[in-house]
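**Student:** The whole structure should be built from the sequences, with the hints applied where relevant.
Protein sequence lines correspond, in order, to chains G and P.
The letter at position 20 of the first sequence is residue 432 when you use this note's numbering, and the numbering goes up by one with no holes.
The letter at position 76 of the second sequence is residue 679 when you use this note's numbering, and the numbering goes up by one with no holes.
If you're looking for bench data, these hints aren't it; they were derived computationally from the structure.
Accuracy of the hints is not assured; some may be wrong.
[Unchecked claim] Here are the simulated lysine-lysine pairs, DSS-like style, with alpha carbons at most 30 Å apart:
1. P:K673 / G:K509
2. P:K709 / P:K673
3. P:K709 / G:K421
4. P:K676 / P:K658
5. P:K658 / P:K709
6. P:K658 / G:K426
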Amino acid sequence: NAGVTQTPKFQVLKTGQSMTLQCAQDMNHEYMSWYRQDPGMGLRLIHYSVGAGITDQGEVPNGYNVSRSTTEDFPLRLLSAAPSQTSVYFCASSYSKGSEAFFGQGTRLTVV
Amino acid sequence: AQTVTQSQPEMSVQEAETVTLSCTYDTSESDYYLFWYKQPPSRQMILVIRQEAYKQQNATENRFSVNFQKAAKSFSLKISDSQLGDAAMYFCAYTTGANSKLTFGKGITLSVRP
Chain G
413 NAGVTQTPKF
423 QVLKTGQSMT
433 LQCAQDMNHE
443 YMSWYRQDPG
453 MGLRLIHYSV
463 GAGITDQGEV
473 PNGYNVSRST
483 TEDFPLRLLS
493 AAPSQTSVYF
503 CASSYSKGSE
513 AFFGQGTRLT
523 VV
Chain P
604 AQTVTQSQPE
614 MSVQEAETVT
624 LSCTYDTSES
634 DYYLFWYKQP
644 PSRQMILVIR
654 QEAYKQQNAT
664 ENRFSVNFQK
674 AAKSFSLKIS
684 DSQLGDAAMY
694 FCAYTTGANS
704 KLTFGKGITL
714 SVRP
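**Tutor:** See below:
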C-alpha cells in the first residue's frame, strides 16, 4: 500500500516557468489537500478538495491552480513561478472529516 | 478564523526524561479535532496523537499523551521516557468537524540530549 505519493521530491525552477507537482493516493480517500511549509510558519493550506470535481481555496492560493478529475489524483500547478514560491510542498489525504491526514514525502521547490 | 499557537520555538530534554510541548488554539466551533504531528529530519509528517473535542478522556499512545483542557483551549503533548528518536519538529494542528482542512501551529523543535 503506497499511501500518498508525491513527485518530484526536489525541483529547481527559473522565475516565470510553470510546472505541476503530482500527488496520487491509493487509499480511496475523498479529502485531499496541498500545504506549503516555510521556516517559522508551520504548514499553510493552499488548496483543498472534498472529492472528484470539487476544489476550494485555502489560506494561500495565489499563484497556484488545482483540479481533481479522479479520486486518486490531485495535481498542483504553478502558473508562473516566483521566488516567493520557494518552499516545501506537501500533499495530504484523509478518509473523512476529522480523521487522520496522511502526507506525501514532500517536494522541495526552489525558484531562482 | 481558527488559530493554533505554539509559543515555544525550541525545547530540549534529557534522554529518559519527560517533556511537555504546549499548544493553544482558538475556535468558536464545538465539533473539532486536534492533532500532534511529528516531522523528523526525513521531512515525513507522522501522526503522533489525535483528540476528539467531544471526548473528555485524554488521548494516549504508548509514551505519548495529551492534556486536553477544552475550556482553556489548551492541548499539550507529554512525551515520557524520551528517546533519541523523538528528536524532531512537532506540530500541533486543528480541524473542524465540517471538513478536513488542517490549521497548523508554527511548530516546535525538540532536541534530545544523550
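**Student:** Indicate, hint by hint, whether the structure satisfies it.
**Tutor:** Going down the list of hints, with the structure as the test:
| no. | hint | in the structure |
| --- | --- | --- |
| 1 | P:K673 / G:K509 | holds, 20 Å |
| 2 | P:K709 / P:K673 | holds, 21 Å |
| 3 | P:K709 / G:K421 | holds, 23 Å |
| 4 | P:K676 / P:K658 | holds, 14 Å |
| 5 | P:K658 / P:K709 | holds, 26 Å |
| 6 | P:K658 / G:K426 | violated, 49 Å |
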